[in-house]
Amino acid sequence: MTILLQFVIGLLFGLGLVVAGMSNPAKVLNFLDVGAIPAGTWDASLAFVMAGAIAVTFVGYRLVLRQSRPLFGERFHVPTAKELDNRILLGPAIFGIGWGLAGFCPGPALTALGTGGQPAWIFVAAMFAGMAGARWLANRPAAPAAGPRHA
Amino acid sequence: MTMTPTDFTPFASLLGGALIGAAAVAMMAGTGRIAGISGFAVRLLPPYTENGFAGRLAFLLGIVLAPLLVGFATGSMPVPVIEAGTPVLVLAGLLVGFGAVWGNGCTSGHGVCGISRLSMRSIVATLVFMATAVATVFLTRHVL
Chain A
1 MTILLQFVIG
11 LLFGLGLVVA
21 GMSNPAKVLN
31 FLDVGAIPAG
41 TWDASLAFVM
51 AGAIAVTFVG
61 YRLVLRQSRP
71 LFGERFHVPT
81 AKELDNRILL
91 GPAIFGIGWG
101 LAGFCPGPAL
111 TALGTGGQPA
121 WIFVAAMFAG
131 MAGARWLANR
141 PAAPAAGPRH
151 A
Chain B
1 MTMTPTDFTP
11 FASLLGGALI
21 GAAAVAMMAG
31 TGRIAGISGF
41 AVRLLPPYTE
51 NGFAGRLAFL
61 LGIVLAPLLV
71 GFATGSMPVP
81 VIEAGTPVLV
91 LAGLLVGFGA
101 VWGNGCTSGH
111 GVCGISRLSM
121 RSIVATLVFM
131 ATAVATVFLT
141 RHVL
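Chains A and B, in that order, are what the protein sequence lines are.
Read in order, the letters of the first sequence correspond to residues 1 to 151 in our numbering.
Read in order, the letters of the second sequence correspond to residues 1 to 144 in our numbering.
Don't read these hints as lab results, they were simulated from the structure.
Please read all numbers here as calculations on a predicted model, not as lab measurements.
All C-beta atoms in this analysis are idealised placements derived from N, C-alpha and C, irrespective of residue type, glycine included.
Among the hints, a few may not be true.
As the list claims (entries may be wrong) - Covered stretches of chain B, as calculated for chain A (at least 3 residues, CB under 8 Å):
#1 24 to 38
#2 119 to 130
As the list claims (entries may be wrong) - Example chain A residues on the side facing chain B (calculated, C-beta under 7 Å, incomplete):
#3 12
#4 41
#5 45
#6 56
#7 68
#8 97
#9 105
#10 112
#11 116
#12 130
Using the sequences and the hints, build the whole thing.
Structure below.
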């Protein structure tokens with residue numbers, strides 16, 4: 001049941017990406033291209049995607065999280081981390097560079113698999129490789145301290 | 001650097017955004033999870049430390065198949081315009097995948113779900129990736 005539900009939610013999410021225009025990397029790059037504002041070719045559309053998505057999620061989460069538990073689960077898994085460590089700065093900084101290079105973030109890249117041809121598959125394959133690399137680096141055993149810390 | 005002009009589509013984008021939001025809310029209501037694409041995607045890779053593989057795969061498969069739905073409904077498949085060449089796509093994919101996992105989220109998990117929870121980490125993450133993305137496009141289109 002939850003598998004079918006998650007499939008339908010994925011369809012809805014992907015439909016949103018396509019309707020919004022977010023699934024088109026050219027549109028994403030034209031949104032990120034604030035240097036094009038003087039020339040008049042800046043496409044501000046994706047600010048409306050953010051606005052629409054956050055408005056619905058902001059209200060929806062408040063209604064949903066008032067319940068004691070999800071329909072098909074024991075509890076809500078809401079992140080609790082608060083600290084601003086190096087990972088929350090470095091990760092997004094690296095992510096943004098990649099996003100700005102090709103105009104793809106993970107969701108839109110997945111919607112492109114069916115219609116974007118080989119370039120989409122190349123991007124998604126590299127993306128999974130990057131994910132595997134980050135996961136490996138995050139989970140590797142801590143390196144032994146170099147030399148005695150105290151004499 | 002190639003640049004394909006695109007139309008300003010405020011209404012479609014607002015509607016699309018609302019659908020994305022509805023999906024995020026449905027995910028929380030149904031499974032109690034944040035609808036973060038990179039989080040779902042990385043958990044398809046080994047090692048497997050938690051249950052729910054089939055559900056995660058189903059969610060991502062729904063995203064992959066969604067353009068077909070649009071194709072059937074409208075009679076024309078939405079075709080993404082990918083301007084980057086192979087070397088750039090490989091580099092960009094590596095950076096997006098690495099950065100999303102290193103920073104515990106991407107445009108969906110931080111940009112939509114996290115901001116909606118008023119999470120300071122997600123707000124910071126979103127500001128940082130917007131800034132580096134804008135800087136990258138500025139450099140590649142107007143400087144280099």
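Comparing the hints with the structure gives:
{"no.": "1", "hint": "24 to 38", "in the structure": "holds (count 14)"}
{"no.": "2", "hint": "119 to 130", "in the structure": "holds (count 9)"}
{"no.": "3", "hint": "12", "in the structure": "holds (4 Å)"}
{"no.": "4", "hint": "41", "in the structure": "holds (6 Å)"}
{"no.": "5", "hint": "45", "in the structure": "holds (4 Å)"}
{"no.": "6", "hint": "56", "in the structure": "holds (3 Å)"}
{"no.": "7", "hint": "68", "in the structure": "violated (11 Å)"}
{"no.": "8", "hint": "97", "in the structure": "holds (5 Å)"}
{"no.": "9", "hint": "105", "in the structure": "holds (4 Å)"}
{"no.": "10", "hint": "112", "in the structure": "holds (5 Å)"}
{"no.": "11", "hint": "116", "in the structure": "holds (5 Å)"}
{"no.": "12", "hint": "130", "in the structure": "holds (3 Å)"}
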